[in-house]
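Engineer: Here are the chains, one letter per residue:
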Amino acid sequence: GQQVMQIPQYQHVQEGEDFTTYCNSSTTLSNIQWYKQRPGGHPVFLIQLVKSGEVKKQKRLTFQFGEAKKNSSLHITATQTTDVGTYFCAGKADSNYQLIWGAGTKLIIKP
Amino acid sequence: GAGVSQTPSNKVTEKGKYVELRCDPISGHTALYWYRQSLGQGPEFLIYFQGTGAADDSGLPNDRFFAVRPEGSVSTLKIQRTERGDSAMYLCASSLTRWGLDTGELFFGEGSRLTVL
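As you go down the protein sequences, you meet chains A and B in turn. Those letters in the first sequence? Residues 30 to 140, per my numbering, in order. Those letters in the second sequence? Residues 5 to 121, per my numbering, in order.
These are computed hints drawn from the structure, not numbers from a lab. These figures come from a predicted structure and were not determined experimentally. Watch out, some of these pointers could steer you wrong.
[What the hints assert, rightly or not] A short, non-exhaustive set of chain A residues, derived as facing chain B with CB atoms under 7 angstroms:
#	residue
1	His41
2	Gly45
3	Pro72
4	Trp130
[Stated by the list, open to error] Derived Cβ-Cβ restraints for the label pairs, each shown as a range:
#	chain 1	residue 1	chain 2	residue 2	range
5	B	Gly55	A	Met34	32 to 40 angstroms
6	A	Gly69	B	Glu87	23 to 31 angstroms
7	B	Thr11	A	Arg67	49 to 57 angstroms
8	A	Val42	B	Gln45	19 to 27 angstroms
No residue lacks a Cβ here, since even glycine has one placed at the ideal position from N, Cα and C.
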């Protein structure tokens, strides 16, 4: 069945360093969404990407959707303590209506 | 309501018991989803309602799990003969249209944490 692989599982950074998480799908996606889940919280929608090669920015966050619509990335520039949490990608394939989630990448700021 | 509301926030039960988890979606949202999330994992799809009908229940793990949405608003997830492996956070989400196609956004509740002893 369709799978979405997300790496890395964890990333430890110093405050001010950059952070990147990557998602790869086993099948072509019609769209991909990104969510952030704070510790103890629930997933909160960040963005949806639909077009091949699409790049969207939200302040220090940059989201990319691959040309083949099978991979995506989220890059955070100059991390801050408020960025702490787990970032999930969730992809939807054309062939069904389910949103398949990656396992998430946990961003940890080193003290 | 202002957001998706889920009750109870925590439920501890014994193996073999019956459990109901309730979700009250954002007013006007026709699509409602149930997910299950284990520690360190992404949400796992269980069931999707469009209005009153279950449009996709392929994620329900077995026949002990059942969900209803009789009036197209509040939904109840029902688990019979609970097992220790059912312990997880059960998340409910709603969106304005089918899979939130307009903005893509799913609005999640705070979840119901189920612990089966």
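Engineer: Holds or violated: is the Cβ of proline 72(A) closer than 7 angstroms to a Cβ in chain B?
Structural biologist: 5 angstroms, holds
Engineer: Hint tryptophan 130(A) vs chain B: min CB-CB distance below 7 angstroms?
Structural biologist: Constraint on tryptophan 130(A) satisfied, holds at 3 angstroms.
Engineer: Per the hint of 19 to 27 angstroms, is the separation of the Cβ atoms of valine 42(A) and glutamine 45(B) within bounds?
Structural biologist: 22 angstroms, holds
Engineer: So the hint says 32 to 40 angstroms: do the beta-carbon atoms of glycine 55(B) and methionine 34(A) match that?
Structural biologist: 34 angstroms, holds
Engineer: Tell me if the interface restraint on histidine 41(A) is satisfied: Cβ within less than 7 angstroms of some Cβ in chain B.
Structural biologist: 16 angstroms, violated
Engineer: Measuring from beta carbon to beta carbon, are threonine 11(B) and arginine 67(A) in 49 to 57 angstroms?
Structural biologist: Since the Cβ atoms of threonine 11(B) and arginine 67(A) sit about 21 angstroms apart, the hinted range of 49 to 57 angstroms is violated.
Engineer: Just to be sure I understand the hint, the distance between the Cβ atoms of glycine 69(A) and glutamate 87(B) should be within 23 to 31 angstroms; is that true here?
Structural biologist: Given about 25 angstroms between the Cβ atoms, the range holds.
Engineer: Holds or violated: the hint that glycine 45(A) contacts chain B, with Cβ atoms closer than 7 angstroms.
Structural biologist: The hint is violated - glycine 45(A) has no Cβ within 7 angstroms of chain B, the shortest such distance being about 27 angstroms.
Checked against the numbered hints given earlier, the structure breaks hints 1, 2 and 7 and satisfies all the rest.
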